[in-house]
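Peer 1: Sequence:
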Amino acid sequence: SNFGGYDSRTSVGSPTGVSGNFIQAKRRGVVKGLDFQYTGDVVSVDVNAVRMRLAMGDVVLLSSLGFNAAGEVLNCQAYDVAVSVAIDIG
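Numbering (this note's numbering), first residue to last: 83 to 172.
Among these hints, one or two may not hold up.
Here are the simulated distance ranges between beta carbons [as the list claims (entries may be wrong)]:
| no. | residue 1 | residue 2 | range |
| --- | --- | --- | --- |
| 1 | L136 | K114 | 37 to 45 Å |
| 2 | D170 | P97 | 17 to 25 Å |
| 3 | G139 | L116 | 38 to 46 Å |
| 4 | G139 | N103 | 19 to 27 Å |
| 5 | P97 | Q119 | 29 to 37 Å |
| 6 | V112 | V141 | 36 to 44 Å |
| 7 | V112 | R133 | 34 to 42 Å |
Hint data in this document are derived by calculation from the structure and do not stem from the laboratory.
This structure is a prediction, so every number in the text was calculated from the model and none was measured.
Cβ coordinates follow ideal geometry from the N, Cα and C atoms, glycine included.
Could you put together the complete structure from these sequences and hints?
Peer 2: Written out as structure tokens, the structure reads:
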């Protein structure tokens, strides 16, 4: 970002960390009678957005939070997020 002429992308020693709605998820729902409520499963990763931010020199911060089509925030397994990102980025 650029604040008052200061561009963090060109300043040595000042990496920019970004996060965003990179993970699309769906509700896990009810499994064997147990309602998982706001637990989600990874559906897809917005790889183009991640690559774009990396190309800009940003550090992309990925959390275990995914978002569904209704805009709900769902808690996904961090391992599943990491595997999905690794596979989709190639």
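Peer 1: None of the hints should be skipped; say for each whether it holds.
Peer 2: Taking the hints in turn, this is what the structure says about them:
1. L136 - K114: 37 to 45 Å: This hint holds: roughly 40 Å between Cβ atoms.
2. D170 - P97: 17 to 25 Å: Cβ of D170 to Cβ of P97: about 23 Å, so the range 17 to 25 Å holds.
3. G139 - L116: 38 to 46 Å: holds, 44 Å
4. G139 - N103: 19 to 27 Å: holds, 21 Å
5. P97 - Q119: 29 to 37 Å: holds, 36 Å
6. V112 - V141: 36 to 44 Å: holds, 38 Å
7. V112 - R133: 34 to 42 Å: Holds - the Cβ-Cβ distance for V112 and R133, about 36 Å, lies within 34 to 42 Å.
The structure shown violates none of the earlier numbered hints.
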